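Undergrad: Chain residues, written in single-letter form:
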Amino acid sequence: DAKTTQPNSMESNEEEPVHLPCNHSTISGTDYIHWYRQLPSQGPEYVIHGFTSNVNNRMASLAIAEDRKSSTLILHRATLRDAAVYYCILRMRTGGGADGLTFGKGTHLIIQP
Amino acid sequence: GAGVSQSPSNKVTEKGKDVELRCDPISGHTALYWYRQSLGQGLEFLIYFQGNSAPDKSGLPSDRFSAERTGGSVSTLTIQRTQQEDSAVYLCASSSAGLAVPYEQYFGPGTRLTVT
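Sequence lines, in order, name chains X and G.
Quick note: the first sequence uses the numbering used here, first residue 1, plus one each step.
Quick note: the second sequence uses the numbering used here, first residue 1, plus one each step.
There may be inaccurate statements among the hints.
[Claimed, not checked] Okay, the calculated beta carbon distance ranges per label pair:
| # | chain 1 | residue 1 | chain 2 | residue 2 | range |
| --- | --- | --- | --- | --- | --- |
| 1 | X | L80 | G | E68 | 36 to 42 Å |
| 2 | X | T72 | G | D18 | 43 to 49 Å |
| 3 | G | T78 | X | N54 | 42 to 48 Å |
| 4 | X | E15 | G | S66 | 47 to 53 Å |
| 5 | X | T30 | G | N52 | 23 to 29 Å |
| 6 | G | T114 | X | N56 | 39 to 45 Å |
[As the list claims (entries may be wrong)] List time: in silico DSBU-like cross-link candidates among lysine-lysine, alpha-carbon distance up to 30 Å:
| # | chain 1 | residue 1 | chain 2 | residue 2 |
| --- | --- | --- | --- | --- |
| 7 | X | K105 | G | K57 |
| 8 | X | K105 | X | K3 |
| 9 | X | K69 | X | K3 |
| 10 | G | K15 | G | K57 |
| 11 | G | K57 | X | K3 |
| 12 | G | K57 | G | K17 |
| 13 | G | K57 | G | K11 |
| 14 | X | K105 | X | K69 |
| 15 | G | K11 | X | K105 |
Worth flagging that the hints you see were computed from the coordinates, not collected in a lab.
Keep in mind that this is a model prediction, so the values were computed, not measured.
Backbone N, C-alpha and C fix where the C-beta goes; we use that ideal spot for every residue, glycine too.
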């Protein structure tokens, strides 16, 4: 899997928007961009994924650069429950599309009340 | 519906003993994965089952680790002759699987293994 780069940690205030960046300059033409998060003492949780177009769901939005070499996960109004480690992961579109995830170190998001 | 379940939630064992960890995936999910997360470390992929196909064992750290999946559903991860470095949280995940689209994985709560 192509490598992703994320800041080690970020801090934000409750009820403010949060923009979590991810660099994936070596992304291939068949890679999807997936985001997962892991709350303290829990297993990872799927957040969102995209390919080229920006995506929205009930949890977050994903903004993908036009050249696909970077993306940003957007939490529109952070709550204390959003404090977690956020992982940006590239996944191949081919090869069954169900391979194991390669987790990096992710971004530790701290939310201040 | 029910999510991925794992048992036991905690397991303490003595060095050299064998342990079995169980995973019940979401009903209907054909793909099943095992990961582990050591203290202060990231998540490490171990093994992947897709339907009745031979598993992808590329992530297993040693031949002391093995896994099986019976009837395309429940899976057991076995660690033989446990070592202290095997202490970690072992996570199971399941997903639907298609030919092209990488589906999201749903994780269980994990089994915390402590080898004394």
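Undergrad: Looking back at the numbered hints, which does the structure fail to meet, lowest number first?
TA: none
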